[in-house]
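These are the residues of each chain, in order.
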Amino acid sequence: MSGMVGGIQAYRGSEVYELSPATREPQWARLTILGLSLLFFAIFLLMPLLAVFVEALRKGWEVYWQAITNPDTGAAIRLTLLAAAIAIPLNVVFGVAAAWCISKFEFRGKQLLITLIDLPFSVSPVVAGLVYVLVFGAHGWLGEWLSEHNIKIIFAVPGIVLATIFVTFPFVARELIPLMQAQGTDAEEAAVSLGASGWQTFWRVTLPSIKWGLLYGVILCNARAMGEFGAVSVVSGHLRGQTTTLPLHVEILYNEYQFAAAFAVASLLALLALVTLGIKLFIEWRSA
Amino acid sequence: MAQAVGKRVLPGFGLSVGYTLVYLSLIVLIPLSAVFISAASMQWNEFWQVVSSPQVVSSYRVSFLTSLLAALINSLFGLLIAWSLVRYNFFGKRLVDALIDLPFALPTAVAGITLSALYAKNGWIGSLFAPFGIKIAFTPLGILIALIFIGLPFVVRTIQPVLQELSLEFEEAAATLGATRWQAFSRVVLPALLPAMLTGFALAFARAVGEYGSVIFIAGNVPMVSEITPLLIITRLEQFDVAGATAIATVMLVVSFSLLLIINGLQHWAGSRKRYLTGGDFA
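Each protein sequence line maps, in turn, to chains A and B. The first sequence begins at 1 in the working numbering and counts up by one. The second sequence begins at 289 in the working numbering and counts up by one.
FYI, nobody ran anything at the bench for these hints, they're computed from the structure. There's no promise every hint is true.
Computed list of lysine-lysine pairs in DSSO-like fashion (alpha-carbon distance at most 30 Å, straight line) [said to hold, decoys possible]: (1) K211/A with K381/B; (2) K409/B with K59/A; (3) K110/A with K211/A; (4) K59/A with K423/B; (5) K423/B with K409/B.
With the hints as constraints, model all of the structure from the sequences given.
What follows is the structure, given as structure tokens:
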């Protein structure tokens, strides 16, 4: 699903198309296309973004401040950060390992491996949560063993972390595989033939050349990790202040009709989304 | 040749492929196989009763139709937006381009509550339709809105790079041969964009079928009317009916895997036509 994350790309200026009548639309057509595009953009993307902040501040700063400094919100923030802090490094190591073997070597079944890495993107988040219930839940494969040893995974923090790892699994690998495939193996081969060890080659040759792609993968991974709802919802158990991440906390507040508070917490996540898009722009600008 | 040398020279193949396979198996493959293995341990009658019950069949219909319609609408407007971004200069273009990815970055639950606030009968948009007796939030129309929101970037981001790299020579040749602008678009540009459009459509559709967070807040979740299939999995789980949830999940997984295969095929097709269409043979 390479369309998933857009990828880093350079731009050809749109002036090129204005030069020749062969690639230029009549004025009315251009205005219609542009008008419809911007209208659709404004209704479906801009208005929701603005509405989050307007709804969050509807009852004033005081309610807003109370909502985001509430101890339950604090607990949700900590759990969200924890899940992301575990999921991201694990998926980074995996992404680098997967991209290394796929881009630097030829082997049978490579295409299948690439497809399998994409699997979590095509699975419904709800099913992603369910699979861990089937493995670790009370009646799951390991349920009996886990309860004998007094280990809780489902309806507890480990389940949330696992579900987060699952849904963010492909992000880093997806960014690095095409990038490292395009870069080929020449630089690494030169380093090795000059006597560098494998790790030296990786740290000094490969890593500097993939750093922006890696960062790109990490911020996309982070946005999804902190924002995941469906998968985490299945395994969370919704214990307030204990197993609720920020998106789940938003749901609880919303279902209690505390709309201003729900939107206040939601606005934190919307800010995270804006920061993510900002960093993405910065990376595109740096690597263009 | 370089690859053949690389195989001998570069270290780390065993370690990286081994780690990749172990991690992939532990996190993805084994847990996913649990769905099929658990489903296989059910009686066929029992399985069939769950997945063909009227409430579940009705949810397939809601999920399928709203996802299909959302992906169609996104294909049309995604093409217009990609076209505007590539071919026109306008004020705020960089902002528009950056915010296209908002649905990827904005958590689905946030999108869900926001869209239901906007489209409720006292919301900014809902209040425009309420006087005509049109309810959007808490009806299947609301589901459609949410699915349009989350699917849009898939279409734009699939078409945009292809349009960007499309060689101008094709349109110039068409114009030279006397084609009108519309003919050049419909017979030259559109066929070239078709693989990307279909890929974008399939990606948006696949995402929409499995979507949960942004939908449940706005759907109203009325049985037989506005219940999506992922919601029924959650409902079964809440009733501690893990077997029922697993049966429905099996159907969803089969659909997801089929879509993944179709998308891979489409991307392969798009890739094989790319060199030709970007002017590789002309330059």
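Requested in this report: For the pair supplied as a hint, K110/A and K211/A, confirm whether the alpha-carbon distance does not exceed 30 Å.
Outcome: 24 Å, holds
Query raised in the report: CA of K423/B to CA of K409/B, is that 30 Å or under?
Result: 7 Å, holds
Query - Pairwise hint evaluation, K423/B against K59/A, where the allowed Cα distance is 30 Å at most - result: 26 Å, holds
Query raised in the report: Going straight from one Cα to the other, do K211/A and K381/B come out at no more than 30 Å?
Result: With a Cα-Cα distance of about 28 Å, the restraint between K211/A and K381/B holds, given a limit of 30 Å.
Query raised in the report: Holds or violated: K409/B with K59/A, Cα cutoff 30 Å?
Result: Holds: K409/B and K59/A sit about 20 Å apart, inside 30 Å.
In terms of the numbered hints stated before, the structure departs from none.
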